[in-house]
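Q: The residues making up each chain are set out below.
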Amino acid sequence: MGTIEVSGKSYETDEEGYLVNLGDWNEEVGAYLATTESVEMTDQHWEVINFLRDYYNEFQIAPAVRVLTKAIGKKLGPEKGTSQYLYDLFPYGPAKQACKIAGLPKPTGCV
Amino acid sequence: MADETTPVAVAPAPTSSPAVAKSAAPAKPKVEAPAYREFPTIPALQPDAMTGSNPFVAAAAHNEAIGFPGALLDGWEQKAVAKMGELLGKYRSLRVYMDACVHCGACTDKCHYFIGTGDPKNMPVARQDLMRSVYRRYYTLPGKLFPKLVGARDMTKDVLDDWFRYYNQCSECRRCSVFCPYGIDTAEVTMAAKEIMHTVGHGHKYVNEIIGKVHKIGNNLGLPGPALENTLEGLEEDVLEDTGAAVKYPLDMQGAEVLLVTPSADFFAEPHVDSLIGYGKVFHAAGISWTLSSKASEAGNFGMFIGNYEQMQKIAMRVREAALELGVKRIVVGECGHAWRVAYAFWNTLTGIGAGAGVGKPDPFAIQLQKQLDPNYKQPSHICEVTWDLIQAGRLKFDKAANDHRIVTFHDSCNVARGSRMGDYAGGQFDIPRNIIRAVANHYVDMSEATTREKTFCCGGGGGLLTDELLDLRVKGALPRMEALKQVADQHGVNFMATICAICKAQFTKVLPYYGFKMSMVGGVHQLVSTAIVLNNEQ
Chain U
1 MGTIEVSGKS YETDEEGYLV NLGDWNEEVG AYLATTESVE MTDQHWEVIN
51 FLRDYYNEFQ IAPAVRVLTK AIGKKLGPEK GTSQYLYDLF PYGPAKQACK
101 IAGLPKPTGC V
Chain F
1001 MADETTPVAV APAPTSSPAV AKSAAPAKPK VEAPAYREFP TIPALQPDAM
1051 TGSNPFVAAA AHNEAIGFPG ALLDGWEQKA VAKMGELLGK YRSLRVYMDA
1101 CVHCGACTDK CHYFIGTGDP KNMPVARQDL MRSVYRRYYT LPGKLFPKLV
1151 GARDMTKDVL DDWFRYYNQC SECRRCSVFC PYGIDTAEVT MAAKEIMHTV
1201 GHGHKYVNEI IGKVHKIGNN LGLPGPALEN TLEGLEEDVL EDTGAAVKYP
1251 LDMQGAEVLL VTPSADFFAE PHVDSLIGYG KVFHAAGISW TLSSKASEAG
1301 NFGMFIGNYE QMQKIAMRVR EAALELGVKR IVVGECGHAW RVAYAFWNTL
1351 TGIGAGAGVG KPDPFAIQLQ KQLDPNYKQP SHICEVTWDL IQAGRLKFDK
1401 AANDHRIVTF HDSCNVARGS RMGDYAGGQF DIPRNIIRAV ANHYVDMSEA
1451 TTREKTFCCG GGGGLLTDEL LDLRVKGALP RMEALKQVAD QHGVNFMATI
1501 CAICKAQFTK VLPYYGFKMS MVGGVHQLVS TAIVLNNEQ
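Sequence lines, in order, name chains U and F.
Number 111 marks the last residue of the first sequence (my numbering); no jumps.
Number 1539 marks the last residue of the second sequence (my numbering); no jumps.
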């Protein structure tokens, strides 16, 4: 367990730096979490983060990688609808790293 | 060890890193791949090399949710020793394993974690001795009287910490037991140690959090029904678009012939999902009605990893309930190594005849299931058995050239290889997946026979160790498999390693880049089937 501090407010995280309370998330916190992953956020990153959060709000789980690539492909063109594009944005893996920055729980299991 | 001519494994750099992102954050533990060895010799000892490997201890909420004490109990030492006594009484094998070892050393260099780390405590015999020394102290006369003389140890916090550290460096793959002249099964020792630790409130976070999700949501990922439905609808659209065939991926379809139980990673992750697409195409092409279940949306059974029979049974029971509710005639298990071991070796006693469908032990649900399932099929069947039977019966057609861009090899998954069987003869579990690959692809090469079939090496992520905090261990443990792969890649141009286990797929996706391979090099057997299968969509 740990805490992070953003703009004078502290937030609880788990051992790996994922937010414990999903309600704590805002863009500033997301931007801070990105620095802990050494990810420099661009508009392309935020597009993915926002999609993850919208999907999570509807389904209580992050989207499957294929669902994500398809949605990105539809929005930004087929050449970006690939997992390679997502790995380029989030090198440790779109599921785990992007979920962390989006303030969502870490996907568990054989993934 | 390696010399200058040996190719050196690349540093952590998963595929092409763009300028916008750097790799791991500074706080993360160092992950280092060992260099390839020129010859697979016994590694030089590096005492305590892996003492820094610290799996996360489960929080109270994760422990209590599945019925274990929240934290280390008062008087845990006595309780741990008592639990050991209970297990020694319940599993005679465990007592034999404690007594029979003559320390001949045949197992020492057979463990992928020892080969990859050089830490002497990762020699299977040393791993067993972590428990054996405590066993001697409390359950043998010389150990009770002269502990120091016979290397017997009290159960202390230091011992517990060593257990937690090093039993979480065993993937329960059982390769060492193949070479043990007494057949001592280190996996069972590890499972017993894990059960003892869980019982006294010292569980592993990764495993316990996942077991909790299975009970609460239905699968290891925590994928709720609506998300599952959404994902499967997406697959139907994709396959229709790709092939023109209206292949269905049904969920909770009452009266289907087949219930397919598969790891939840098949819904979520890549390359796993490509095999799920393949299963659907096989059933479609053969005209077999099938369904997935939102209740049993997980084949994996992490209860086995912690040696806990009650959890294993509770997790297995969901499959029985789903089968009864849906009225299916057949139960088929997807590409998941340990799930197939549990299904093949334990379902019968957990949920079927052994649970009370036999004579004189009335369990109405077990009896109902027994009557409901079609006796003309093996129950349960592995998806590879289903596909191979259909191929032999001439009911599937393939365009093998569709896989011509691939030169394929096959990685035997440990739990399938050494914990189960397929078909109707010993070794069927080795031949059937290879037969399928040869039926759907033109280019197939086996890796070194010292690393395949019953001698296969674990991927390095099995047994409940597929977690990020153990990534360094996982990368190191993959060394012998990566060496065998490198050999066939260099000599035969192999560019695809097929496997039938969700853990293997996730593990290799992660560790291949550390050894200079592309993560897309690993995939499922049914991914190859999916590529080549001809769907009669023109009708």
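Everything labelled a hint here was simulated from the structure, so no lab data went into it.
It cannot be assumed that every hint is accurate.
To be verified - Estimated spans, in silico, between C-beta atoms of each pair:
| # | chain 1 | residue 1 | chain 2 | residue 2 | range |
| --- | --- | --- | --- | --- | --- |
| 1 | U | V6 | F | T1041 | 50 to 60 Å |
| 2 | F | L1072 | U | N26 | 30 to 40 Å |
| 3 | F | V1445 | U | G77 | 35 to 45 Å |
| 4 | U | L76 | F | V1445 | 36 to 46 Å |
| 5 | F | A1426 | U | L76 | 49 to 59 Å |
| 6 | F | E1321 | U | M1 | 44 to 54 Å |
| 7 | U | V6 | F | A1061 | 18 to 28 Å |
| 8 | U | V6 | F | H1215 | 32 to 42 Å |
As the list claims (entries may be wrong) - Derived DSSO-like pairs: lysine-lysine, alpha-carbon spacing no greater than 30 Å straight-line:
| # | chain 1 | residue 1 | chain 2 | residue 2 |
| --- | --- | --- | --- | --- |
| 9 | F | K1455 | U | K106 |
| 10 | F | K1030 | U | K106 |
| 11 | F | K1205 | U | K9 |
| 12 | U | K96 | U | K70 |
| 13 | F | K1248 | U | K80 |
| 14 | F | K1486 | U | K96 |
| 15 | F | K1295 | U | K96 |
| 16 | F | K1248 | U | K70 |
| 17 | F | K1090 | F | K1361 |
| 18 | F | K1121 | U | K70 |
| 19 | F | K1400 | F | K1295 |
| 20 | F | K1295 | U | K106 |
| 21 | U | K96 | F | K1083 |
| 22 | U | K106 | F | K1205 |
| 23 | U | K96 | F | K1361 |
| 24 | F | K1248 | F | K1378 |
| 25 | U | K70 | F | K1518 |
| 26 | F | K1518 | U | K80 |
| 27 | F | K1248 | U | K75 |
| 28 | F | K1083 | F | K1157 |
| 29 | U | K106 | F | K1400 |
| 30 | U | K74 | F | K1248 |
| 31 | U | K96 | F | K1400 |
| 32 | F | K1455 | F | K1518 |
| 33 | U | K106 | F | K1314 |
| 34 | U | K74 | F | K1518 |
| 35 | F | K1090 | U | K96 |
| 36 | F | K1518 | U | K75 |
| 37 | F | K1121 | F | K1144 |
| 38 | F | K1216 | U | K96 |
| 39 | U | K70 | F | K1216 |
| 40 | F | K1295 | U | K70 |
The beta-carbon is built from N, C-alpha and C at its ideal position, and this holds for glycine as well.
Q: Need the list of violated hint numbers for this structure, in ascending order.
A: Violated hints (numbers, rising): 6, 9, 18, 19, 21, 23, 29, 31 and 35; every other hint is consistent with the structure.
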